[in-house]
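Q: If you want the building blocks of each chain, they are given just below.
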Amino acid sequence: MSKHHIEVTINGRRHTADVEARISLSDLLRDNAGYTGVHVGCEHGVCGACTVIVDGLAVRSCLMLAVQANGAQITTVEGLAAEDGTLHPVQQALLEEHGLQCGFCTPGVVMTLAALTGNNAKPSEQQLLGALSGNVCRCTGYQGIRRAAKRLACAETGEHA
Amino acid sequence: MKPAPFDYVAPATIDEACAALADAGGGATVIAGGQTLMPLLNLRMSQPFIVVDINNIAELKGVSRTPGAIRVGAMLRQYEVLTHETLQRDLPVLVQAVQHIGHHQTRNRGTVGGSIALGEPAAELPATAVALNATIEARSVSGTRQISAADFYLGPYMNSLQPDELVTGISFPDWPRNHIPLFRELAQRPGDFALVGIVGALVIDAGKISRAGLAWFGMGPTPIKASTAERMLVGQTLESIDPQTIAEEAIADTAPFDDQHASAEYRRTVGKRIFASALRDALKAGETA
Ligand code: FES
Ligand code: FES
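From first to last, the protein sequence lines are chains A and B.
Heads up: the first sequence begins at 11 in the working numbering, then just goes up one per residue.
Heads up: the second sequence begins at 51 in the working numbering, then just goes up one per residue.
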C-alpha cells in the first residue's frame, strides 16, 4: 500500500510524515510524532481518552485517519501549559478539584473542556457536562471532574454558584 | 486493533468520487465523518480494498432551498446542524434529533449523510428521514437517482444503494412554519443508541391535525413509519385525541426484538409510553401555538 505525505501543525510545530492510509491520527500523534499524552483506551470511539483538538474542534483521534488531518492544526494535552510550566485553566481546575486519579482519561477530559472554553467561548455548565458525557473515567466517580467543569463554566460567565 | 491495509483516495469532486467507486467494482468503502466506519476498520469488521474519502468535496457541504424542500448536503456535519439558522427555523425536529446523536466529540466529525446512508435501525437521523418523507439523492457514473426514505432502508445497515452509488444529499419536504416537532427517545446513557424512539412532526390547522409524519427507531430492523398513528391523527380535532389510545394502536406497526439491552416486550411497553407522552406534549404545544 502506498504511503501518503502529510504535513500537520502539532502544538504550533510543523510536522511532516509519510504514512500508510490505515494509520489513525492517534497513532500518528503517539508513535510518529511522540505526543504520548494522547491516550488510547479503546481505539473504537467509546472512551474519549484520545480526544484532541483539530482545527478548533474536539475530536476523537482514534476515529480519524492521519491522512485526513493533512494541513490541520492539532493541539494535544502537551500543547496547553505555558513554556514555564504554568497550567492551562482547565488543568488548574482539574488539579484543584481532584478531577483525576490514575490520569488515563485525563488528557481527553482536558482537551474536551479546553476546546469548549477556548476562544473566549462562554459555555454553560450544562454544555460542558453534556460534552463530558463522551469521556469515560474509571477512577474518580466523576464528581471532581464535574466540579472542575462547574468552576470553568462559572469562571467564564462570571457568575459564581 | 489496527485496520487492515487499504488504498485511499480523497477526490475533490463528486464526479471523481463516483469514478473511484465505479473503478473499485464494489471493493470500496466511502468515508464521510468516519464515526462508525473507523471503529469497524479498527476492529477489522470492515476490510475494504480502497477507502474513498469524501471530506474534501465542497459540493457535498451546505444547506440549500429547492422548490418545496430543504436540501441538506451529505457532508453537513452534525455539529453544524445544531447552530444552522435555516434548519433551526424550518426543520427544528432535525436539530432536536441531532442533539441526541453520539457525543460532542463525535458530532464534530459525524455527518448527516453518513448517518442516513448507514441506516443503523436505532439511530435518530434515518428515522427522521422516514418520518418526514425525505428523499435521498444518490449519484453514480450513470446518473442521479432520488430514493424515497421509505424505500431506502432494507434491513439493519442495509440500504438500496448500489455499490457504486454515493449519497450526495437529503431533501426534506417543506413543513409549514408553525408545524410542531415531536421527539422522544430512551437510551441507557446519553450518547448511546436509543432503546426506543419516536420522531416526527404535526401540523395543526384550525384546531385539527392536518398533517402528520412520524417514525419509530430502535423498534425493528429498519426505521419504521408510524403509519397507523398518522392515519388516526390526521383530520382529528385536538380535543378528540386520546394519546394513550393512539399509542396502544400505533405500537402494532413496530417489530422490536430482544437483545442484550432490552426485551421486545420492554420496548413495546416503553414505546407506548414515550409515544403517548410525546404526543401529549405536541398537542399541548399546538394548543398554545
Ligand atoms: S481511544 Fe479513542 S475513543 Fe477510546
Ligand atoms: S482518572 Fe483514572 S480513568 Fe479517569
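Simulated from the structure, these hints should not be mistaken for laboratory data.
It is possible that some hints are incorrect.
[To be verified] Reference listing, derived: stretches of chain B covered by chain A, where coverage requires no fewer than 3 residues with Cβ under 8 Å from a Cβ of chain A:
#1 60–74
#2 97–111
#3 194–206
#4 234–246
#5 264–272
[To be verified] Here are some chain A residues the structure puts well away from chain B; computed CB gaps all over 10 Å:
#6 Asp37
#7 Ala68
#8 Cys72
#9 Glu88
#10 Thr96
#11 His108
#12 Gly113
#13 Asn129
#14 Ser143
#15 Arg157
These numbers were taken from a predicted model, which means no experiment stands behind them.
The beta-carbon is built from N, C-alpha and C at its ideal position, and this holds for glycine as well.
Q: Give a verdict on every hint.
A: Okay, the hints, checked on the actual structure:
| no. | hint | result |
| --- | --- | --- |
| 1 | 60–74 | violated (count 1) |
| 2 | 97–111 | holds (count 3) |
| 3 | 194–206 | violated (count 0) |
| 4 | 234–246 | holds (count 3) |
| 5 | 264–272 | violated (count 0) |
| 6 | Asp37 | violated (7 Å) |
| 7 | Ala68 | violated (5 Å) |
| 8 | Cys72 | violated (7 Å) |
| 9 | Glu88 | holds (19 Å) |
| 10 | Thr96 | holds (26 Å) |
| 11 | His108 | holds (24 Å) |
| 12 | Gly113 | holds (19 Å) |
| 13 | Asn129 | holds (15 Å) |
| 14 | Ser143 | violated (4 Å) |
| 15 | Arg157 | holds (19 Å) |
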